[in-house]
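For the record, the sequence lines run as chains A, B and C. Those letters in the first sequence? Residues 1 to 289, per the working numbering, in order. Those letters in the second sequence? Residues 1 to 339, per the working numbering, in order. Those letters in the third sequence? Residues 1 to 307, per the working numbering, in order.
None of these hints come from the bench; they were simulated from the model. Among the hints, a few may not be true.
Quick partial rundown of chain A residues pointing at chain C, CB under 10 Å, derived from the structure [what the hints assert, rightly or not]:
| id | residue |
| --- | --- |
| 1 | A25 |
| 2 | D57 |
| 3 | L100 |
| 4 | M125 |
| 5 | I127 |
| 6 | L134 |
| 7 | F138 |
| 8 | L142 |
| 9 | L226 |
| 10 | F229 |
| 11 | M252 |
| 12 | L266 |
| 13 | A267 |
| 14 | T269 |
| 15 | L270 |
From chain C, some residues computed to sit far from chain B (all C-beta separations above 12 Å) [as the list claims (entries may be wrong)]:
| id | residue |
| --- | --- |
| 16 | R129 |
| 17 | L161 |
| 18 | G165 |
Glycine included, every Cβ here is placed at the ideal spot set by N, Cα and C.
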Amino acid sequence: MEVRSAVAGRSPGADAWRRLRRNRAALTAGAVLAAIAAACLLGPLLHPVPPGEVFWDAIQSPPDIAAGHPFGTDANGRDILARTLHGGRVSLAVGLAATLVSLVIGVAWGSVAGYAGGRVDAVMMRIVDVLYALPFMFFVILLMVFFGRNILLIFVAIGAVAWLDMARIVRGQTLSIKRLPYIEAARAGGLGSAAIIRRHVVPNALGPVVVYATLTVPKVILLESLLSFLGLGVREPATSWGVLIGDGVANMERAPWMLVFPAGFLAATLFCLNFLGDGLRDALDPRDP
Amino acid sequence: MDRGTAPCRAGPLLEVSGLNVAFATEDGEVRAVRDVDLTVAAGEVVGVVGESGSGKTQLFLAAMGLLAANGRASGSVRLGGEEILGLPARRLNRIRGARVAMVFQNPMTSLNPYLRVSTQMTEVLRLHRGLSARDARRRAAEMLDLVRIPDAARRLDAYPHELSGGMRQRVMIATALLCRPELLIADEPTTALDVTVQADILDLLAEARWEFGTAIVLITHDLGVVAGLADRVVVTYAGRIVERGPVRDLFHDPRHPYTRALLGCVPRLDADVPDELPAIPGQPPASGDPARGCAFLGRCAEAGDRCRREEPGLRGLDGRDPAARASACHRDTAAGGGP
Amino acid sequence: MLTYAVRRLFGAVPTLFVIVTLAFFMMRLAPGGPFDGERMVPAEIEANLLRAYELDRPLLAQYAAYLGGVLTGDLGPSFKYKDFSVGELIRNGLPVSLRIGGIAIVGAALAGATLGSIAALRRNTVLDRALMTGAIAGVAVPTFVVAPFLSLVFGVYLAWLPVAGWGDGQWRHLVLPVVALALPQVAYVARLTRAGLIEILRSDFIRTARAKGLPERAVLFRHALRGALLPVVSYLGPATAGILTGSVVIEQIFGLPGIGRHFVQGALNRDYTLVMGVVVFYGALIILFNLVVDLLYGALDPRVRYD
Numbered sequence: 001m002e003v004r005s006a007v008a009g010r011s012p013g014a015d016a017w018r019r020l021r022r023n024r025a026a027l028t029a030g031a032v033l034a035a036i037a038a039a040c041l042l043g044p045l046l047h048p049v050p051p052g053e054v055f056w057d058a059i060q061s062p063p064d065i066a067a068g069h070p071f072g073t074d075a076n077g078r079d080i081l082a083r084t085l086h087g088g089r090v091s092l093a094v095g096l097a098a099t100l101v102s103l104v105i106g107v108a109w110g111s112v113a114g115y116a117g118g119r120v121d122a123v124m125m126r127i128v129d130v131l132y133a134l135p136f137m138f139f140v141i142l143l144m145v146f147f148g149r150n151i152l153l154i155f156v157a158i159g160a161v162a163w164l165d166m167a168r169i170v171r172g173q174t175l176s177i178k179r180l181p182y183i184e185a186a187r188a189g190g191l192g193s194a195a196i197i198r199r200h201v202v203p204n205a206l207g208p209v210v211v212y213a214t215l216t217v218p219k220v221i222l223l224e225s226l227l228s229f230l231g232l233g234v235r236e237p238a239t240s241w242g243v244l245i246g247d248g249v250a251n252m253e254r255a256p257w258m259l260v261f262p263a264g265f266l267a268a269t270l271f272c273l274n275f276l277g278d279g280l281r282d283a284l285d286p287r288d289p
Numbered sequence: 001m002d003r004g005t006a007p008c009r010a011g012p013l014l015e016v017s018g019l020n021v022a023f024a025t026e027d028g029e030v031r032a033v034r035d036v037d038l039t040v041a042a043g044e045v046v047g048v049v050g051e052s053g054s055g056k057t058q059l060f061l062a063a064m065g066l067l068a069a070n071g072r073a074s075g076s077v078r079l080g081g082e083e084i085l086g087l088p089a090r091r092l093n094r095i096r097g098a099r100v101a102m103v104f105q106n107p108m109t110s111l112n113p114y115l116r117v118s119t120q121m122t123e124v125l126r127l128h129r130g131l132s133a134r135d136a137r138r139r140a141a142e143m144l145d146l147v148r149i150p151d152a153a154r155r156l157d158a159y160p161h162e163l164s165g166g167m168r169q170r171v172m173i174a175t176a177l178l179c180r181p182e183l184l185i186a187d188e189p190t191t192a193l194d195v196t197v198q199a200d201i202l203d204l205l206a207e208a209r210w211e212f213g214t215a216i217v218l219i220t221h222d223l224g225v226v227a228g229l230a231d232r233v234v235v236t237y238a239g240r241i242v243e244r245g246p247v248r249d250l251f252h253d254p255r256h257p258y259t260r261a262l263l264g265c266v267p268r269l270d271a272d273v274p275d276e277l278p279a280i281p282g283q284p285p286a287s288g289d290p291a292r293g294c295a296f297l298g299r300c301a302e303a304g305d306r307c308r309r310e311e312p313g314l315r316g317l318d319g320r321d322p323a324a325r326a327s328a329c330h331r332d333t334a335a336g337g338g339p
Numbered sequence: 001m002l003t004y005a006v007r008r009l010f011g012a013v014p015t016l017f018v019i020v021t022l023a024f025f026m027m028r029l030a031p032g033g034p035f036d037g038e039r040m041v042p043a044e045i046e047a048n049l050l051r052a053y054e055l056d057r058p059l060l061a062q063y064a065a066y067l068g069g070v071l072t073g074d075l076g077p078s079f080k081y082k083d084f085s086v087g088e089l090i091r092n093g094l095p096v097s098l099r100i101g102g103i104a105i106v107g108a109a110l111a112g113a114t115l116g117s118i119a120a121l122r123r124n125t126v127l128d129r130a131l132m133t134g135a136i137a138g139v140a141v142p143t144f145v146v147a148p149f150l151s152l153v154f155g156v157y158l159a160w161l162p163v164a165g166w167g168d169g170q171w172r173h174l175v176l177p178v179v180a181l182a183l184p185q186v187a188y189v190a191r192l193t194r195a196g197l198i199e200i201l202r203s204d205f206i207r208t209a210r211a212k213g214l215p216e217r218a219v220l221f222r223h224a225l226r227g228a229l230l231p232v233v234s235y236l237g238p239a240t241a242g243i244l245t246g247s248v249v250i251e252q253i254f255g256l257p258g259i260g261r262h263f264v265q266g267a268l269n270r271d272y273t274l275v276m277g278v279v280v281f282y283g284a285l286i287i288l289f290n291l292v293v294d295l296l297y298g299a300l301d302p303r304v305r306y307d
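Same shape as in the complex, but just chain A (with noise of 0.2 Å):
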């Protein structure tokens, strides 16, 4: 109902990239995103002490930067700081590695339901739907029992319930590219279904598909940590945050800060990510001023 000038055009993109600019919040959410995992990737130059590292004199100690543990020690006298560094590291890999799972299985698995149409799409999609109505941390929990605790089974088994989003949003793209004129002179040029999809399909897609992946890391990490701190998840000697979490909540009332700074490098990391979710969203599909 608002009125909109005619203006000459420009281009969508060029439109999606000046509204994320103009986004100070989902801006500076990215920026602290990328201090966080810069941080821990480089922990180990910045910070050199071994997350395993047992610090007999310094047991359970609060944080103290002239001691060298400027994010205390644990119960077992490790550092937290390095700890939290390397659990980080574990923690967004397994993010990144299970999106990607959810990435390739759903953008097939869409794509191909959307091109096909008819009987194959209704199929292939109420299969989505039969899935969707089950809570998909029970079936991780599932697999980890029964299966076993090694780091590649978590992230397969999240990303492989994770999938369902993005396999709804591809088919709906795919459904409306498949009708553009292109498609059709593609087609009749003799390129066949596979190479169309791959080549002209899945390009265009991209702009939902980004901004559910980006959505998708922080659902990823959060059933890892929950995982984790349940005691399910990965175990050692590798940590992540979720461990971290599980044992500060342990020890909260002796040792607060065993809790406070993992707990917060979570919260800010998943915070800032469905902030700049949010706001790519915004940006490429604006709806609400």
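Following the hints, position chains B and C against chain A.
Relative to the frame of chain A, chains B and C by itself:
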């Protein structure tokens, strides 16, 4: 069924003076309505003709206080002598639906899909006339009968999606007439409907005018719609009025190039069918505000030098009162213009 | 309306079927039996145990038996709590989980809808931005981070509420768990409501309502709210799933004797039947709730009933 009681007034029912409507958008200010003067007398039908973007709808939305959030109106709008532009919502609400009613273009989306027709009709009567639920329902059913909806009592309990487009528009008109308003603003009431249904709706409006004495503003882009029903016509272009006059004058002697072009576009029953449907080349100006000169410049077959430099004002034709018969064109010598 | 309900019911059956089947086959295909890793068991005793738990029958027969059991509510014996069946354990934990989860979801829906509506009506003001930023935080920050913090602040430092425990279900023990559990849902519902309301308020029929001279209050409550809340009603299904998921964590952190805690213990103990039984139970619960929500949606949106 009581007859209309539109009081005989000395002055016009609706008087719009110097109305400007502007919208604040990402790309700057868009002026949708520029300096418009308009009157509607009690019981008369005024056709407001123009293409999309001409400001014809925004003009009346502003009068009703229904502009979008980024819109600003300035000027004066008087109803029965009272200034209503800029009134606070509380006072405006006593007028809207009771003394002035509006029917919108798209009956598909203008009715609330989640509520029954009865709710959407009776609420008007209960609000403005203080009727009980039962009385309101009875009156609503009577009105549905009046607008020729078959099986009115049952239809009353229907949901909008159970009705056809034509029926929905009738419901909207019925709802608008419930309080016997003095003025009914019909915004493109037939545009979204089949041609066969259009005639029925127009007949309905004509009946409303005779039954209740309601003045009607008929906003449309279709000249054919206006011909049968309107007493006077106002032609809008790029946010301004470019010609106005009694309907016969306009059709027999159109003076503004735009009006002439519009009439030229309508295929005639009594002429040979042309090879190509005539159309007006070009587009109306984007922001509703031309940089300089006449807004119709790029599309006018008769443009001259002065048209490029100066925007023509609305001038009385043939020595008549500009409020009755006027055109805004430099080329019309009878309007005091010149080459 | 009846056909609509029946059709929805039929749609739910395959989903339940899939859950049970998936759970069953995952369990049976898992490497290592339930008795591995314990003290070495002599072959004869192991054979007896296998027979007692019916693990020596062919796979499909076990599957059929399990299906039959599910239909009659028998989810098998717990592998670890020797004297209890899975059904009994679930029944034990049900009152606790039900109370907390029930209050959480109702509270979340009401609070979220209210906050979201306020944000929509005060769009783009400081209040709106603050609420929506809070909402993102509520969605993003995990329950197992929020819950310990709440416990720390209100239980340890301020000592207003008990740190943990069920204590016979007095309201003081319910506050923190319910709040922690409901928070992400409040946040999500608030965002949904805000978006829905803003969208609806742009509709043509809202303009019609205003043109009729209706006071803004009537426009909002009679015309706008119903359509705006439809997405929230739709969301109640996934919201329940979220509450169930969250309850597992909450019961662990606050030490509440609910089903979620049994689940975690079962997972850590590799108690296959218990873990599966809970998954099947929760799955059935979610499906049932989704069905109710679908019917509710049909009651609110008349267009849906007739397709």
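Results of checking the hints against the structure:
{"no.": "1", "hint": "A25", "result": "holds (8 Å)"}
{"no.": "2", "hint": "D57", "result": "violated (28 Å)"}
{"no.": "3", "hint": "L100", "result": "violated (21 Å)"}
{"no.": "4", "hint": "M125", "result": "violated (13 Å)"}
{"no.": "5", "hint": "I127", "result": "holds (9 Å)"}
{"no.": "6", "hint": "L134", "result": "holds (6 Å)"}
{"no.": "7", "hint": "F138", "result": "holds (5 Å)"}
{"no.": "8", "hint": "L142", "result": "holds (6 Å)"}
{"no.": "9", "hint": "L226", "result": "holds (7 Å)"}
{"no.": "10", "hint": "F229", "result": "holds (5 Å)"}
{"no.": "11", "hint": "M252", "result": "holds (6 Å)"}
{"no.": "12", "hint": "L266", "result": "holds (6 Å)"}
{"no.": "13", "hint": "A267", "result": "holds (4 Å)"}
{"no.": "14", "hint": "T269", "result": "holds (9 Å)"}
{"no.": "15", "hint": "L270", "result": "holds (4 Å)"}
{"no.": "16", "hint": "R129", "result": "holds (17 Å)"}
{"no.": "17", "hint": "L161", "result": "holds (42 Å)"}
{"no.": "18", "hint": "G165", "result": "holds (46 Å)"}
Checked against the numbered hints above, the structure violates hints 2, 3, 4; every other hint is satisfied.
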